[in-house]
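Please model the entire structure based on the sequences and the hints provided.
There are 2 protein chains.
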Amino acid sequence: MRSPQELTERFRSEGLKVTPQRQLLFSLLHNNTEHPTAEALYSTASEQMPGISLRTVYQTLSDLTSMGELGQVSIDNGPARFDPNITDHHHAVCDICGAIFDIHVDGTAKLATDIDSGFTPSSMSIVYHGSCASCVAA
Amino acid sequence: MRSPQELTERFRSEGLKVTPQRQLLFSLLHNNTEHPTAEALYSTASEQMPGISLRTVYQTLSDLTSMGELGQVSIDNGPARFDPNITDHHHAVCDICGAIFDIHVDGTAKLATDIDSGFTPSSMSIVYHGSCASCVAA
DNA sequence: GTGCTAATCTGCAACTCGTGCGAACAAACA
DNA sequence: TGTTTGTTCGCACGAGTTGCAGATTAGCAC
Ligand SMILES: [Mn+2]
Ligand SMILES: [Mn+2]
Ligand SMILES: [Zn+2]
Ligand SMILES: [Zn+2]
Numbered sequence: 005m006r007s008p009q010e011l012t013e014r015f016r017s018e019g020l021k022v023t024p025q026r027q028l029l030f031s032l033l034h035n036n037t038e039h040p041t042a043e044a045l046y047s048t049a050s051e052q053m054p055g056i057s058l059r060t061v062y063q064t065l066s067d068l069t070s071m072g073e074l075g076q077v078s079i080d081n082g083p084a085r086f087d088p089n090i091t092d093h094h095h096a097v098c099d100i101c102g103a104i105f106d107i108h109v110d111g112t113a114k115l116a117t118d119i120d121s122g123f124t125p126s127s128m129s130i131v132y133h134g135s136c137a138s139c140v141a142a
Numbered sequence: 005m006r007s008p009q010e011l012t013e014r015f016r017s018e019g020l021k022v023t024p025q026r027q028l029l030f031s032l033l034h035n036n037t038e039h040p041t042a043e044a045l046y047s048t049a050s051e052q053m054p055g056i057s058l059r060t061v062y063q064t065l066s067d068l069t070s071m072g073e074l075g076q077v078s079i080d081n082g083p084a085r086f087d088p089n090i091t092d093h094h095h096a097v098c099d100i101c102g103a104i105f106d107i108h109v110d111g112t113a114k115l116a117t118d119i120d121s122g123f124t125p126s127s128m129s130i131v132y133h134g135s136c137a138s139c140v141a142a
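Line order of the protein sequences matches chains A and B.
Okay, so the first sequence: first residue is 5 according to this note's numbering, each after it adds one.
Okay, so the second sequence: first residue is 5 according to this note's numbering, each after it adds one.
These are computed hints drawn from the structure, not numbers from a lab.
Note that the structure is a prediction, hence the values are computed from the model and not measured.
Be careful, since some hints might not be right.
Unchecked claim - Not the full set, but computed from the structure, chain B residues with beta-carbon under 7 Å of chain A:
#: 1; residue: Ser78
#: 2; residue: Asn81
#: 3; residue: Ala84
#: 4; residue: Ile107
#: 5; residue: Leu115
#: 6; residue: Thr117
#: 7; residue: Phe123
#: 8; residue: Pro125
#: 9; residue: Ser127
#: 10; residue: Ser129
#: 11; residue: Val131
#: 12; residue: Tyr132
#: 13; residue: Gly134
#: 14; residue: Ala137
#: 15; residue: Val140
C-beta: ideal position from N, C-alpha, C; glycine also.
So, in structure tokens, the structure goes:
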């Protein structure tokens, strides 16, 4: 996701308003690698801006997502996790604490699949499940 | 998933009862490659057994899942899809019609990842998104 | 076949996550 | 400072799933 400053410019240039609520979310998401849920962002945002509405958090996240500034990851059937990292990458999920880690995977082009030749793939994603370092240690 | 006959034996041998509702679901799932949702199974089941409860469908699916006889696939944030194919395989999803296809992928062991050395992976899954043959044709 | 009992089924309430809606509000700009 | 939209907020609602408890029934003993 771009920086709060760049997002501010983009919003204004598209006739969208830059509100304090949006600015707060821009800053909470910037460089955030935690893949937070809407509820988690709402909780953090509420500390800095009591009274902000959960509805507004959902609204802003969905705006950023449809603008292509924010990614979304869904793991199992849990709540949506938002991902400011929109570069090409994959994920490793700790089944114990639920943490999600960004990973890069090389060699995917060389994978051999029996996928039907009539199927036209447009993207692929890989998710590893397992236990993270801190959970293994504990 | 094992055959209705084998499941019947397993259920009885574990002190579980073999009811008409369970038998019907065993047969609806056997060799089913559609990755159906609970609602879809309920709908089909209702034709053959009017009055069967959606709650019972959920209950039986979750029993089979925790017995390891049935798999579960989650795609984006849609409803859970159930998968009688519990062999090692991956999926291709048509973004137009929503169909899910089983695929096999070779070479996954050779993938190079920057996954943290402290992370202990126990499984990985690959999902391709794209357009299926019938949707491309249409 | 009858009866017993624990497992199951069913209907409904409740719960989680998310969206639709409309009135109150405020950013942008003249 | 006023006007115009876009935005925020609160609440109702919707999908998907689970908890609960009373009615039902499979499995088994006699
Ligand atoms: Mn990520
Ligand atoms: Mn499958
Ligand atoms: Zn962990
Ligand atoms: Zn299709």
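Tested hints:
{"no.": "1", "hint": "Ser78", "in the structure": "5 Å, holds"}
{"no.": "2", "hint": "Asn81", "in the structure": "5 Å, holds"}
{"no.": "3", "hint": "Ala84", "in the structure": "6 Å, holds"}
{"no.": "4", "hint": "Ile107", "in the structure": "5 Å, holds"}
{"no.": "5", "hint": "Leu115", "in the structure": "5 Å, holds"}
{"no.": "6", "hint": "Thr117", "in the structure": "5 Å, holds"}
{"no.": "7", "hint": "Phe123", "in the structure": "5 Å, holds"}
{"no.": "8", "hint": "Pro125", "in the structure": "4 Å, holds"}
{"no.": "9", "hint": "Ser127", "in the structure": "5 Å, holds"}
{"no.": "10", "hint": "Ser129", "in the structure": "5 Å, holds"}
{"no.": "11", "hint": "Val131", "in the structure": "5 Å, holds"}
{"no.": "12", "hint": "Tyr132", "in the structure": "4 Å, holds"}
{"no.": "13", "hint": "Gly134", "in the structure": "4 Å, holds"}
{"no.": "14", "hint": "Ala137", "in the structure": "3 Å, holds"}
{"no.": "15", "hint": "Val140", "in the structure": "6 Å, holds"}
Of the numbered hints listed earlier, not one is contradicted by the structure.
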